[in-house]
Structures are given as C-alpha cells and as structure tokens.
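**Q** With chain A's structure known, arrange chains B and C on it following the hints.
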Amino acid sequence: MTRNRQYILFSILLLVIFSWAVWDSIDFQPIARHYPLYLGSAAIILIIIDLVLYIRTEKENSENNNSDISDSIEWKSSLKYIAWIVGYLITMYVFGFIISTTLFLLFFLKLEAKMNWLKSILVPIGIIIIVMMFNEFVGVNWPSGMFDIL
Amino acid sequence: MFEAAIEALSMVFTPSRLLFIVLGIFIGIVIGILPGLGGPVGMALVLPFTFGMDPATGIGLLIGMISVIHTADTFPSVLLGVPGTSGSQATILDGYELTKQGKAGNALGAAFFSSLVGGIIGAIVLFMAIPIGRPIITAFGSPELFMLSLLGISMVGVLAGNAPVRGIVAGLIGMMLGTIGGAPGAPQYRFTFDTVYLYDGIPLAVFALGLFALPEIIELVTKKTSISREGVSGSRLTGIKAAIKNKWLMFRSAVMGAAIGFIPGLGGSVVDWISYGVAKQTTKNNYFGEGDIRGVIAPESANNAKEGGSLIPTLLFSIPGSGTTAMLLGGLVLLGIQPGPSMLEDDLPITLSIVWTLVIANIIGAILCIVLAKYISKLSAVPAVKLFPFLVVIMVFGSYQSTGHWGDILAFLVIGLLGWVMKELDWPRAPIIVGFVLSNASERYLHLSMSGYGISWVTNPIVIILGIFILFILFSGFFVKKIKSSKLFSGGDEYDSK
Amino acid sequence: MKRNLKLLFVLTFSLVLVACNDGDSESDGSFYGDGDDINIVVPFSPGGGADVTSRLLSGYWSEQIEGNPSFQVENIEGGGSVSGANEFAHLRDSDGYNVLTTSASTKIPYLIGESHVDFDLQDFEPIVGFPTGVVVYTSPETGVEQASDLTNPDTQLVMGATTPTAIDVMTLLALEVLDIREDIDIIFGYEGAGASRVAFEQGETNMDYQSVPPYLTNVTPLVDSGEAVPLFTLGFLDEEGNLIEDSALPELPTVEDVYIDLHGEEPSGEAWDAYLDFVGVINNFHRGFWMHNDAPEEAVMELRESAEEAVNNEEFLENAEEQLGGYEALTGEDLESAITNLESVDQSSIDFVQTFLEEEYDVNGLER
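Protein chains in written order, with this note's numbering: chain A, 1 to 150; chain B, 1 to 498; chain C, 1 to 368.
Quick caveat, the hints were computed from the structure, so don't treat them as lab data.
In silico DSS-like pairs for lysine-lysine, Cα to Cα no more than 25 Å straight-line:
#1 B:K386 x B:K224
#2 B:K223 x A:K80
#3 A:K80 x A:K114
#4 A:K76 x B:K223
#5 B:K223 x B:K378
#6 B:K386 x A:K76
#7 A:K76 x B:K100
#8 B:K284 x B:K241
#9 B:K423 x B:K224
#10 A:K59 x B:K423
#11 A:K76 x B:K423
#12 A:K80 x B:K100
#13 B:K284 x B:K247
#14 B:K378 x A:K119
The following residues of chain B were derived to be distant from chain C, with all beta-carbon distances above 12 Å:
#15 S10
#16 I120
#17 K224
#18 A242
#19 G289
#20 E290
#21 L368
#22 S476
In this text, a Cβ means the ideal position worked out from N, Cα and C, and glycines have one as well.
Just chain A, with the same shape it has in the complex (with noise of 0.2 Å):
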C-alpha cells in the first residue's frame, strides 16, 4: 500500500468514526450535546479540506509517489514488533502478569535481541522479583490474567 494510499484511507477512518461520534451526540441531552456536535462538525470539515489540498499536493509532487517502497520493509519490520506486545498482553490476559512477564522477556531477548540463555532467563527472573518487591512494600497491583496462577 503506497504511502498515500495509507494517509488517504486514515483520514477516511478519521471522517467515519467522528460522522459516528456526530451521529451519536445528536441523541445526547442539550447541555452534553454541545460539544461533540460542534466540535465533531468542525473536524469533519477540516478533515475533508485537508484531504483535498493533500491530494492536490501530491498530484504536484508525482515523482514522489516512489519513496513507499523503502518504508514498506520498515513498515513491516514495525508491524512484527507490535505483533510482539499484542502476544504479550493476550498472554497476559490469559495466564496474568507474572507469567507473560517472564515469558515474554525471555523470548523476545533471546529471539530478537540475541542474548545467550543465561541472561534472557536471568533477567526476567530479576525483573519478577522486583515488581513482587513493589507490591510486597508498595502496594501496586499487576494485571491478573483468566487463569489467576501468580
């Protein structure tokens, strides 16, 4: 997907969730009413502007439209990152916090960053104990996951 491609269908997103959020708001009572209408009307304007004049920009600027080429290896190699937190977090919502620490840290140190098995045992290890410290003393809570072990 080009770049503009990409910018284009954001603003549309942007366009259909506030004409949403305007719809929405009409329902509201008048006191609540006030500023999502207006304000969600003034957003969409500017969107529908802004999408204009990028478009015409871009058809100015046609040599330009090449440049997704190189950002698309980025974009993938981003992509697979946030692949990385979204396992962490369903993990963690399945079996909590302690466990998809752990897991979590080893895998990614030893897969992504390449540290030896030692560390990237060691570390998560380490890690645990410290947040057990905090809550021991502090008080602060972790998420707990459906299948509550630690």
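**A** Chains B and C in isolation, oriented as in the chain A frame:
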C-alpha cells in the same frame, strides 16, 4: 510575617525533619522516573505512613516528594521519549531530540537547573501569595477559567507547526476523546459503549503513554539503533550554562507556570504545553522541535513552579488544583492540619515551613538528579532492541496503575496504535493531548459561564485581557513568519553563510 | 520392613493431626490473629474524605480488635465510587478479611437504580457508620435572612450543584418538598462541593449547600463575617421515623420546620415520604463500613464491638472531629436502626425519585 518565616526555617532545619525530606525526595525521584507513576501514585504510597507522624515530619515527607517529581520526570522524557509524568510531555519535543543528537547531557543539565530555579520561584510565588491569595482566586470565576483553558487550547495552533489544518484536527480529535465519559453538568455518559471503565473517561497517564511512548519505542526498535545515534556526549555543565544564559526565559516560564498552577481547576497538566507554546512564539530565532535547548528550559522551569502555585488554592481554600494536591489535602488532614483560612493565621508557621520545604527539596532534588544524570543517560546508548521489552513491560505496568483495570491496558494499546499510525503519517500528536486535557475543563467552564452569566461575561476585564493575550500568542508566530518569508523573497536570507 | 513403614505412616499422620489441632486451638475466642491483614476497599481516591476517614479509623480500630490485625486500604476508584463497591461485592471473599467503605455517593446510585450498579446493599452487613448532615445557605445579597424568606427573595436565586445523580439528590428533594425548587436556578456542572463553595464565595452563585464538616471549616467564617446566611439543615431521622434537627447545628431549622413556617401545616405527600426514606439511609448512614452477609459471624461481631470502642476513643474523636463534624458514630442500637432504615425504604419512594429525576433532569438509564 518575616519573623514567622525565619522561625519556620529553623523548624525545617532539624535533622529528623531533613531526613524525611530526603526520604520524600528519593521516593519522588523514583516516582518521577517511572513512567505512568505520577503524583497520585506517590501520594498513595506515602499517605499510609504519614498517619501518626508529627505534622512537621509528615509535611517534610509529602512536600519533599511532590517537589521533586517534576524534576525527575525529565529522565524518561529526555532519554527515552517516554513521558515520566503528564507534566513532562512538552519536554520530549526538544529534549528527546537532543538525546538523539547525542546531547543528552546538555538537555538533562539544562532541565534540572531550570527545574531547580522554577521550583524556587514557585515557592516564592507561594510565599508572596499568602497575604493576597484569597482575593486573586476569588477573581477567577468560571469565565476567567474558561479563557485560561482557551489559552491552553490555542497552544494547539502553536504546536501544529507546518500543518495547521492537521494540527487543528488533531486538537479536535483530542477534545472529542476528552468528551468520553460523563458530561460536566448533565447526567449524560458519552461514548462509553456501556462499559464502566469509560465512565470517567480515558485516564491521562494511559493516554500520554500510549500516544507518545508506544509509537516512539516501536520506531526505535524498528530502526534497530540505540536512541542516541551518535554516542553519548554533551555535558551537563554546558546545559546548565545554557540555562543560565536564558535566565529571562527561565524566569518568565516559571512565573507563568506558578500562575497557571495557582488557578484551581485547570489541572496543571497543560502548564508545560502552554509555557512551551508561549516560549516558541516569543523566542527569537528558535528551532523548537529540532533540539533547541530552550524548548527544554521553558517547560521544565514551568512545571516545577506550578507545584508551588497549586499549593495556594490547596492550602488557602481547601481546593485541590490537581490529583496530587487533592491527595496532599488528605495527607494534611491525616496529619491533623486543616487547610483553609486557618493556614494564614494560627497555622501560618506550618504554611511557611511548607514553603521552605519546597525550596530545600527542589535544590537537593535537582542536585541529586544532576549527579545521577551521568549514569542514567548511558541508557541512551543501549541498543534499542534490548531496551524495547523492558520499556513495554514498564509502560504496561505503568498504565495499569491508572485504575487497576484491564481497560487501562486496552486503552493503552488502542491509543498507542492510533499514535503510531499518526506518527507514520506525519500527523502532529502534541495538539491531541492538549485538546484531550482541556476538553472537559473548557466545556465545564463554558457551560457554567453561560448558565451563570448569559453572555455578559465576555466583557469581564480579566476575560478581555486573556483574550488579547491569546490572540497575541497565536498571531505573533504568524507575523514573525511573514517577516521571515518576505526577507527570503527579497534575497536577504539569515541562513546564508557568507 | 512393612511394619516400619506402617509405624512411619502412623507417626506422620498423628504429627499432622497434632499440627492441625494446634492451629485450631490458636483461635480460642479471637477470630483474627497477629499479623493478619484486613483489607478495606475504599472506592474513592486516596486523600478524599472517605479515604481519610477510613485511614484515621483503621488505626484506632486495629488496636481494639483482639489479635490486632492491621488494615490495608485498597483504593478502587471509578464509576463515581460504584466500581469499587461492585468489585467488593463480586471479587472479594466473604472470609471476614474484607471490608467496604461507602459514602453517600455510593448509596445514591444504588437507591435510584443506576444501571452500572452491580451490588446490593442488602447483601452486606453494616459494621459501623457515621452520619453527616447537610446545610443550605445563601448570600445576604438575596435579601433572604431566614428560610421562610425563600419564597420572595430580592434577586433570582442561583445555586451551584454537581450532578443530579449524586448527593445533590437530597437537596433537590428537600427543595421539592418545600415547593421552591422550580424558582431556583440550579446550575449543574461544578466539579464538586468544594468548587460550588468557591463559586458562592466569588458571587457566581448566591445559594449553596455543603455537608456539615466542610461547612463548619469553610463556611462558618463566612457566616461570622456576614458573607453567608445559613438557612436550614436537611436533618436526620430518629428511631420513629421523624425528622429531627441536626445535632451539629441544632439552632438551624430543618426542612420540616421550614415547611411548617411556609405552609402552616406539616409536610406530607409522595415527595415528603421519599425524602424521609432517603434521609434515613443517606444522611443517617452517610459513611458506612460493611462486610458481606455471609462473612463469618464471629468476624462481624468482633469488628462491630471493636469499632464501637474505637469510635469512642478520645484521641480518635479529637483527630477526627474536623473530618466527621463531631457526630456520634452509629454503633449498637443506632446501627440497628440504620439497618432498619435501609430495609424499609419503600418502593414507592424509589419510584417517585426515579420519575422525578427522569422528568425534571433528563436522567436516563435507571433500572426499576
């Protein structure tokens, strides 16, 4: 009043009290450094221990802590691009940029020194306000507060930079996101999808972490370098010297910070944006956003000063100016002190000892941070790939501290992805957070102004003054640009190196 | 070999039995042991009124409990203090080690049936409570010198309030009973009672109400300097269900007194019945500490008795005076009658209030 001040100073300088101040400072530094843990968390930490303490010691602990949070929160903002607390976001724009250029030392040195000066000025403002505080606060009713929040919102225009339309849309996105939750003044819950989590809206810490921090570390790890691509150099001394050179900027940012913190109801988390925006518009030949050290000096000075300012309504009126001061109020009550009119009469020595504690804690805290800076800034040389998982864990953990529900983590992820997409597509994000923070306040005060006064409030003197100030700030940048570009056209280019 | 094994088995088994028995005999009357932690769920932010009261009380409370367990305050904010109560109801064990703090703002959503309320106060056992009264006052600019002048003020009466689904409901009902509500311009949207008080001081509003502790601290100086005029208190319910004066400000008339002044007869009707029912729960039992119904009976008794001692401790009373407004805590019989109040809230009162809020203030989402 001056004898009382000297008496209070001798009260503060007892060894046991100083000990607790230092303890408070250590706690404040840790809270400031860890993203997502702000003043409220620190307070929650410390409050249980204050019960049963004698007031002087307890105050030392509490005030010692809050004085330093906004000094230490610079560490993650500058070194990692992750806001340490919501008061330290504007610092990221130039501070983090400087780190990328390898000048973390400069940024930190300047920031800590500015924090020190700002904190002291805040304490001075608090001291001076004691006799005149009540009438001033009384003069700031809903219309005036609305104009102040409008001033904050106008920063959106300043921060939008080269893409004004996108900047304004970003501000509107922020404001719309701010409407999520209960409406001020009407029992209407907006856009909550029937979840209890969104009843109170998205928590600010989660929002800031997601919007700024998550996209930053994704980009970092994708580029597979370390944060500072050119090694870690830059000396703190250079930074401190730069701060001293810009002393007028430090001073006026601090005064502005204290003044805005002074006004109850603005939440204080826009102080750094306002001072950044105003500085950007009023500083000659600036390159804010590209590593201008002045873009660090202004917000850092302001956000420490604001603590002093926000103590004025807290102590005099029992009205907290922020989450931190709300809890401080509770802490004072637990210590047997009742904020209110008595703080100026029977309890004046306590009030003054608070002022002194602010000063002392700011000085000690800044010195400590300057010393620590050398070691902590080495973090910016660590390969991002190794830092990434820890930062993710810290951010998720920090987000969860907001309300302790899974909603925090989910919101963090969603906002984070939004922030990442916007970063990729060159949408400015600073206006979003400004809009978000000011959405409720501006709506509330507009509603109260209209309900209470109809339309006549527009002619209040302070309202008019603030209105002119806002216009000045917005358009001064415009005029400066016009002058610059006309010079270009006529061939005289200040960037020409001849 | 087999005999040795059997011996070993019997020995181990008996050792285990002895160990278990030892554990049992430890209790000998005291439910809590040394080093135990009792968890207090406070559905408010640290430093707020309910939080401070909880922390203050827990210190003295813990001393009075046999076994001296310590209290751990757990703040769960959100949903206007409803989230914490929800969590307590469903996610905290009823093992005697969990207590809930509530304030008026937790109980009102429950009474009026707000949809996000997922707990039932009838599932809880009250342990100790604190009453808090409410005072309504006005500015001398309105020309109103006493409550009976409210029907013909010199200027439009403007009152600051927060939201119609919180403790403001009580004042709304009081004004409705007095039949002056519609003549007052009630501006919602202030960020809490503190903010509306400041608005009063600034002259943005000329009428306000506060609960008694902040009134005593912050408004009494204004009254003394002639900048505020106290009007009436919302009062409390006595054991017979009558409205009685506020013990913190007995010289001020109650809603009932004002009604009699204005209309020459005693109040009656739906609004009045609903008002009495609500006062009995909200004002009499403003701040409450509860445990689950099915918590061990010993724990409940132990906590009730020790609370009774703690709230009579002189030091506690001194420290807590500003927080509590000098009221006596609800223990023993008073606690019993508070429980009765809660159980005897009439469905018709609730219906009335719900309809009232829906029609007058556009509140929606109330479940019946």
